[in-house]
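Asks: The primary structure of each chain is shown beneath.
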Amino acid sequence: MAQNVPTTDDALERRKSAIGIQMTILYSIVYAGFVALSVFQPTWMGARAVLGLNVAVAYGLGLIVIAVLFALVYNYLCRVPPAGAASRTSSASGPKAGQQES
Amino acid sequence: MTVGVFLIFVALVLVVSSQTSRRAGSVGGYFVANNSIHWGVNGVAFAGGYLSVASFLGICGLIAFFGYDGFLYSIGFLAGWIVALFVIAEPMKRRGTFTFSDALNRSFQRPGIQLAAGLSVLVVSLFYLVPQMVGAGVLVEPLLGIPHYWGVIIVGSVVILIVAGGGMTSTTYVQFFNGGLLLLFAGILTVAVLVRGVNTSNAGMEEGLAGLEAYRYANVAAEFGSELIGVDLPGARIIERHATLNRHTGAETLVLYRISHLIPATAAGGGTYTANIKGRSVEFEGASGQGVGWEIEQMDGETYVRIEDWWRLEAMADGAQRLLETQFRSVLPEGGVLVNGALESSSNRLRQMGGVSQLPERYGASTGAIGPLRLLSVFADDNTVVQQPMSVAFTAESGERVTVYYEAQTPGSVFMRPGLMFPLEAEPGEPAVTTLLNRLNFISLMLALFAGTSALPHILIRYYTVPSADAARKSTIVAIAGIGLFYIFTMYLGVGALANGALNMETSNMSAPLLARSFGEVLFAMISGIAFTTVLATVSGLIMAASGAVAHDLMANLVRHEVSDNAKVLAGRIVAVVVGVVGIVLGIAFRDMNVSFLVGWAFAVAASANLPALLFTLFWKKTTAEGIIASILVGIFSSVTLIMLSPDMWVRYGLDPATAPMPINQPGIISIPLSFVVLYVVSLLTVSKSEVPAPVTAG
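Going line by line, the protein sequences match chains A and B.
Using this note's numbering, the first residue of the first sequence is number 1, and each one after it goes up by one.
Using this note's numbering, the first residue of the second sequence is number 1001, and each one after it goes up by one.
Just chain A, with the same shape it has in the complex (with noise of 0.2 Å):
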């Protein structure tokens, strides 16, 4: 099966995948961090911190700001390819299900 996918969508496979663990790792810390203070740091959660919001909130909604904007940074490296590789995606190979029927 991977016989028939070019070799250029194989690097940029790579290429992705190896972006998408990283930012995965990166972010995991992230959340680590928060779920370690809400741990065993409760107290300080309840500490202003910025724009008059609380630890906790402005972590919390850190957490899912922070998503958002790692998804639209990976998309946007997503988008480009490597330098040497073809500037085909790998869009081709997704395989199709059963009858199409257009």
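Because the hints were derived from the structure by calculation, they are not lab data.
Check the hints yourself; a few may be wrong.
Calculated pairs, SDA-like style, for lysine to any residue (alpha carbon to alpha carbon, straight line, at most 25 Å) [what the hints assert, rightly or not]:
| # | chain 1 | residue 1 | chain 2 | residue 2 |
| --- | --- | --- | --- | --- |
| 1 | B | 1622 | A | 69 |
| 2 | B | 1622 | A | 15 |
| 3 | B | 1622 | A | 25 |
| 4 | B | 1622 | A | 22 |
| 5 | B | 1621 | A | 17 |
| 6 | B | 1621 | A | 22 |
| 7 | B | 1622 | A | 24 |
| 8 | B | 1622 | B | 1678 |
| 9 | B | 1621 | A | 62 |
| 10 | B | 1622 | A | 14 |
| 11 | B | 1622 | A | 65 |
| 12 | B | 1621 | A | 41 |
| 13 | B | 1621 | B | 1586 |
This structure is a prediction, so every number in the text was calculated from the model and none was measured.
Add chain B to chain A, keeping to what the hints say.
Replies: This is chain B only, laid out in the frame that chain A set:
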């Protein structure tokens, strides 16, 4: 009107469904909508299917009752999407055709993997289905005035129609429709909360009843000798004292007194009287109170009724002890139910609770219209005091089963940080092991939410409805943006429901609709209708996933001969009906659990059963088919067993939760790592024996 809006919403869903069901005849059409869904539509459909009634009603209710701890679910539910986007979305689309077992099985082609994966989809779908069904019942009971089980039956039937009739295409458009509505109306309600602002008068019209005035609970002087000897109420007699003890120190944490006293009554002729019970005008017959402490008495030429109710002892700032009025509901041993001392009836029900009793000085009694960040900062202020609803249930000396509802004066700074629902800080006298277990329980939940999202079957099948891996990625990003925005709204809906005194003491799940009701019947009807379509959308996705798992994964392997496409579609439709019926039965059985809580379990099972298999096949070359099968089965079995042995289930069985063999409620912290370890070890043990060539890596 609510009924009308309800019917309109259900009709709209059915129209959307039937308009799109034409393409469901073929296998590709029925199970994956011919890969023809646009990524934008798919993204909103992700949101519409994922944002279940647990996100909408459950989280709003938890935030309203427990403050920040409810929002933790929002955070975990969203964070899981990061794993879905970065790790799962594109490989899943590239490697699979119909179901996620295709992706797992691509390099192995072993029936065992398909069977195990199909089984896991079935189990997780059912676990997730139950809270959705419960939510449907909770909604219709107060809204349409029909029993809980009817709501469950209606949802089940409509969903069976959608899925069995229109397959994945109809499911997608129903979810798309619902996702759009949810975001729109949660946004409208959030703006309404901000424009009204927060005030300390609680003047919102409770339950939308123009005649029901805001009620100030009484706070009366108490006289103490060695015990309570006098209460500043007319004709007071002290009947009984009940104290709640701290489990560890034995100290009294809550002291309640049952006091018999007189309240003014008005003769309405013909032996009937009316009395004002907590702001409600209740009519009763003079003789009806015999035996339940209701007697008409005359004092100084005025007519009174003698009533027994429960008061809470509280030490005031000046050191004086005073008694605070509570609400209560008690079930008499000989049958019959009293609410606030009078017989329960349509005119004598528990009042809604909640409110803000103090704002920072610069705001006085009302903030007026307020900005979104400012509102949250006001709530988190040390000088804000919220009226957090609490309840305590016990058996009184007379054998009545009493539940007392009262409002704790909780500082905003405590309400808006973790700890009110999940006890994270060590309480005085608490054994260290209890603190540790509480913390583990919390970590376990947050882990399950983070790891579970990307392994949910009704999310995984959505990747196959789009034409390409790029489209799968883009639709996931649309989903993250939409879902993130929605979860930010939940914060405002939750604190808004509390601030506007919109809390029904018997079900936290009604907080968001009741908040809407404080803005008028129209918004109430709309929000309730949307909550209902939310159930439809999520349940459709789940049943669709279950249908695909059975028809594509289980049947294809259990039936020896080649299954025709028509037979597969027919099997898919039949499974949809069967799973729908099972969901209805379970939804009725589990009616009174908070829906978010149940969903937390579904995430734990999904994360334990599916995630290790997904990650290892994508990223570890030595993964073997045996490893995958073992991990899926161990994941399902361990998480479900741990849930069945948990303290919460012990309560459900009618046993003492302290005796449950599993000390924490959330299984994730044990079952997820266990499933990973099993996959790793079994793969290592079987790698040499496996004749199958090394799997293609995700690369």
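Asks: Report the numbers of all earlier hints that the structure fails to satisfy, in ascending order.
Replies: Hints 1, 9, 11, 12 and 13 not satisfied by this model.
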